[in-house]
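Student: Residue numbers (UniProt numbering): 1 to 1089.
Because the hints were derived from the structure by calculation, they are not lab data. Some hints here could point you the wrong way.
[What the hints assert, rightly or not] Below, computed lysine-lysine pairings styled on DSBU-like, alpha-carbon distance capped at 35 Å:
#1 Lys-641 with Lys-779
#2 Lys-825 with Lys-814
#3 Lys-954 with Lys-887
#4 Lys-237 with Lys-160
#5 Lys-821 with Lys-846
#6 Lys-786 with Lys-675
#7 Lys-847 with Lys-700
#8 Lys-570 with Lys-607
#9 Lys-103 with Lys-49
#10 Lys-821 with Lys-945
Keep in mind it's a predicted model, so treat the numbers as computed, not measured.
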Amino acid sequence: MTFIKNHQILIISLAIIVIILSVIGIFFIRRWLKASKSSNRKPISKIVKRAKSVIKTNKIKNNLGELYIFYGDHLAAKQYIMKIKPNAQIIDNDELPLIVIDKNNPSFVFANDDLSNLYKFKNKLNLQFYKLNFCIDISNTHENNNINEIYKELSKLRLKNFIISFYTSSEHYQRYNNAIGKKSIFELTSNENSNNVDEAILLKILSNKDDVDDKYHNIKILNQIRKTLKNIYPQLKSIDKDVFINFSLNIPDNIIAKRDTIFFSSSPKGIIINLISLLFSCIFIINIFQQIGLKDKISIKNLDPSSKINAHQILKEARKEIEDTLLLDILYPKSIKYHFIYEQYANALLKNVILPKYNDSYDLSMITSFLIFFEYLNNKDVNQETDGMLRIISRFTNLSEKQLEVVIKYTNRDLKVGTIKTVISRANKLYTNPLLVLGEDSESYLSTQGFNAEYLGISNTKRAKFINDIYIKYLYKCTIDNSILDLKNNYIIPIEVNNIFSMYQEQFDISSKKLCNSSYISSVTKSVSLIFNQEESERKFESFRDMLDRIYYLVESLEKNANDVTDEGKEQTGLITVSLVNYVLNSVVNSTYNKDGHPLINPVSKKLYMEFAPNFYSKKILISPIYSKEYIKDNIEPINKKFDRLLNNLKSNFNIEPDFIIAIYKSSINNYNSKYINSYNRMIDRLNNDTEFSKNISNKNALNLYLLAMSSKDSSFNSLMEFYSSNTDLVSDESETNPTKKINKLQQFYGKIVKLGKQNDYKEQNDVSLWTPVDNYFKENDEYLKSKNYIDYREVYKQLNNLIRKQGYSATYKEIKQGYKPLQKVYSDLSEINNPNNNNLYKLLKKHLDVTIDTIKTIAIQDAITKLDNTVNIEYEFINSQFPFNKDSNTIATNEMITKDFDSNGYIYSAFVEQLSPLLSYDKTDDKWHSEDFSTSEQINYLNKFNKAYLLNKLLWDEKRNPQSIKFEITPIPNKDNDYTFFSIILDKQNYVNSLNIAYSNSMEINYNWNSLVSTTITIKFEDGSTDRISYHGKWSILKAIKDANCDGNNICTWEVKHNGKTYPVSFKVKSKFLQVLGWQKQGDTDVQ
1 MTFIKNHQIL IISLAIIVII LSVIGIFFIR RWLKASKSSN RKPISKIVKR AKSVIKTNKI
61 KNNLGELYIF YGDHLAAKQY IMKIKPNAQI IDNDELPLIV IDKNNPSFVF ANDDLSNLYK
121 FKNKLNLQFY KLNFCIDISN THENNNINEI YKELSKLRLK NFIISFYTSS EHYQRYNNAI
181 GKKSIFELTS NENSNNVDEA ILLKILSNKD DVDDKYHNIK ILNQIRKTLK NIYPQLKSID
241 KDVFINFSLN IPDNIIAKRD TIFFSSSPKG IIINLISLLF SCIFIINIFQ QIGLKDKISI
301 KNLDPSSKIN AHQILKEARK EIEDTLLLDI LYPKSIKYHF IYEQYANALL KNVILPKYND
361 SYDLSMITSF LIFFEYLNNK DVNQETDGML RIISRFTNLS EKQLEVVIKY TNRDLKVGTI
421 KTVISRANKL YTNPLLVLGE DSESYLSTQG FNAEYLGISN TKRAKFINDI YIKYLYKCTI
481 DNSILDLKNN YIIPIEVNNI FSMYQEQFDI SSKKLCNSSY ISSVTKSVSL IFNQEESERK
541 FESFRDMLDR IYYLVESLEK NANDVTDEGK EQTGLITVSL VNYVLNSVVN STYNKDGHPL
601 INPVSKKLYM EFAPNFYSKK ILISPIYSKE YIKDNIEPIN KKFDRLLNNL KSNFNIEPDF
661 IIAIYKSSIN NYNSKYINSY NRMIDRLNND TEFSKNISNK NALNLYLLAM SSKDSSFNSL
721 MEFYSSNTDL VSDESETNPT KKINKLQQFY GKIVKLGKQN DYKEQNDVSL WTPVDNYFKE
781 NDEYLKSKNY IDYREVYKQL NNLIRKQGYS ATYKEIKQGY KPLQKVYSDL SEINNPNNNN
841 LYKLLKKHLD VTIDTIKTIA IQDAITKLDN TVNIEYEFIN SQFPFNKDSN TIATNEMITK
901 DFDSNGYIYS AFVEQLSPLL SYDKTDDKWH SEDFSTSEQI NYLNKFNKAY LLNKLLWDEK
961 RNPQSIKFEI TPIPNKDNDY TFFSIILDKQ NYVNSLNIAY SNSMEINYNW NSLVSTTITI
1021 KFEDGSTDRI SYHGKWSILK AIKDANCDGN NICTWEVKHN GKTYPVSFKV KSKFLQVLGW
1081 QKQGDTDVQ
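Start from the sequences and build out the full structure, keeping to the hints where you can.
Tutor: Written out as structure tokens, the structure is:
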């Protein structure tokens, strides 16, 4: 059984699946067998298919149908059915049977002599016929002699209702129907006298106001019906079903299926449903036997209910035992499933807790309460009055009201009878002996003074607690009074119990009867119930607004309750109300106050955040709507006004000055101001920290759109700045005559707070705005955004855009580099808001300017480099690959080529000057062009190329574009280890350097005419007077000589002269600016390109 329980869902599911599959399988097998047997019969599939389609179209969900046996031909049957079902759809195969489908159900019309396909139609359409209607032609009575035979043939249908209807083709049938009236259907009974309804119908015809001719035809029709009935009546007597006769002609009957009619469907669906029902019935039968076993197995008769943990644990285990045992236990209501457990539990509570408490008590109020409870137990009554008494008994017994309700509902009858006898016996003993006493609490609390002044003298929370205790006593007293009255009005009270009730009423009736029904106790009941409920004591508040709303509601409710008092307790009620108001203020505030600052209002859902998407920023800016001027106006201003009303009410009506609430409110305002400031700072900081911003403005199209957007007042960025400015200026000038005095449009409150607080160390600060800290913090930024300076700031973007359109990026870059005045002014004005304590807006606006300038510079430089790349760079690389520009090249650049490229009109030189000189600055000190904006390797490479072209032009030509000589500084280097006495380097007669092989302190300058073919010769004279030389001829002979020499890092070049089979080194120190430009020599630590 455990296995079945643990896998009950799986097993039941498998059983249902097996049932479904088995039934469907059997159904299809039977269908196949029948199909094979009746293959030669006339097919009806087309008619069935049409019928199913119409049933589906009409959304007919039930499977009930009507069966008509028609005595007549096909045409008459069709005319008849059209009259009784004019809105139905007829499926006609030009012969009977007819299928008739209306919005309610389908009907079949079969001929009385051919029922061959009836069961086939029934099965294919899954129908259950709930009534059989014989339709008889009153003009052919001799054809009605086979009703009994037809009924026997249809006995398998289990039809409940049997109806005889009549039809005729006569046109007079409508007047006949009108004459006999609507009540024309009668049930056939076993009493033959009662079946003579035709006499009553004849009377109706004769009494009708029709003319004689109509009455004649009507009587003629009735006689025809009489003849028909006379013919078929013997057959109807043998039918064991309800037989109804419809005396009207050509109209439908109103017989419907009775509620007790149960159909057993032979369709697969019906069989499956019935088998599943049988399965569940077996499960429920098994559970009945299981429950019998459980009652012997589970017992909690010895339960100790005084231990709640023990009781709850035992009940939990017992319930689990039941759930583990019963199959499909979830289907049972708890009251049925756990009934015998609850019964044992109720018995244990009654015997072990309630009865001992009653037997140990002698207090009149307590005994009376118990007797009331026992009366409700005896009558098993749980109503509104019972609920009040259960609260009282709960306090006496420490049982919950739910447990006590279980005792009343489920206690065993035998135990209940025995308990009531014991209770009545003790009640009688207490009354007759007089053992009952009046408890001290009842005597002091339940007095004519009610809530007396000595309790009200206790202050604050303690006072309210005493009021609560007194209120509970009175509430119990009034509950007991009402319960006694309820019992006396509804039940017969035993004399012994009634004696106790009378004694109780004698003791307390004078003092409390009037009070219980007074507006005074009603007011106090409402007020105390409002304050001292568990939810209220555990309530926590997320914001000052929530706390204020609750305090305001409670104070207003307490005041209303007090105002409702109309009797002599009005003054006393006022004192109680003041105590409860004090309690509200202390308990609500103390349970909520947060020393770190309480939020002023609750946060709103992020779905409601305002969203900004400034131009060219990848990050969206979200800001809560609570930090806006409109939100302050719509939501915080009402808080301020409400708080003001609360303070005035507390002061004027209760003489209460709640300094602590004022302090909390001030703290909440400060908290709100701080968060307000932080929200706008975060907004600006988020823009400042967007590293993708400058990358989004890196091309001409983006820059053009960016400049347009920044100059437009309505762009998303400037709209954000407008929002920033509007919502960081919460304090406006009071008037033009006194611009230095600012007030808050929303509220002026700090002055009121100071007055109400009566703090000696406070100075009155009337008209000091709540939002001044916000305004002061953003003052400089707000003034700038609303000044002409910010208009100039937006305008400078437009000016730069116009400048680019007119002059291009390079010229604009040059203007900026030389100090574009509108831009310099904007930078100067912007620096005024560079406050170290709040400079994030300054950084943002300056970043926009800086990015603009950097982008213009970058585009201008890139444009220049691109143009050079596309024009002269190829030529530059080509000529630089030849000698002397490439020292290792064997191809010598012609003078014409050098002139064409590098003189003042040269192709390379002029292009470099045109494109790069506007972007660079010339430094006379080192005779070079510089720019810090050229930072990438490509840009630095072009800067070096430009400097090389510039220096080549300067060194090779004069100002008139005439070639000029190249200067070389040459210093002979002595070589004492060799036996030559003289050596020299000779260019021509004017340009040479001689050496006596001694040390020379000064260098000698020679000029080399690069545009000539002068040779360069190195000569040595030996001690024996002989000489030898090395000569270099053609273009750039001196450079060829230097190339052939071995030059070290100190620019000392050494040539080797061979003489008489011996090699003699000859050295000169050679320096030239030209060599540095070519990159043949180093100047200091810097490579010269």
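Student: Find the hints from earlier in the document that the structure breaks and name them by number, from lowest to highest.
Tutor: 8
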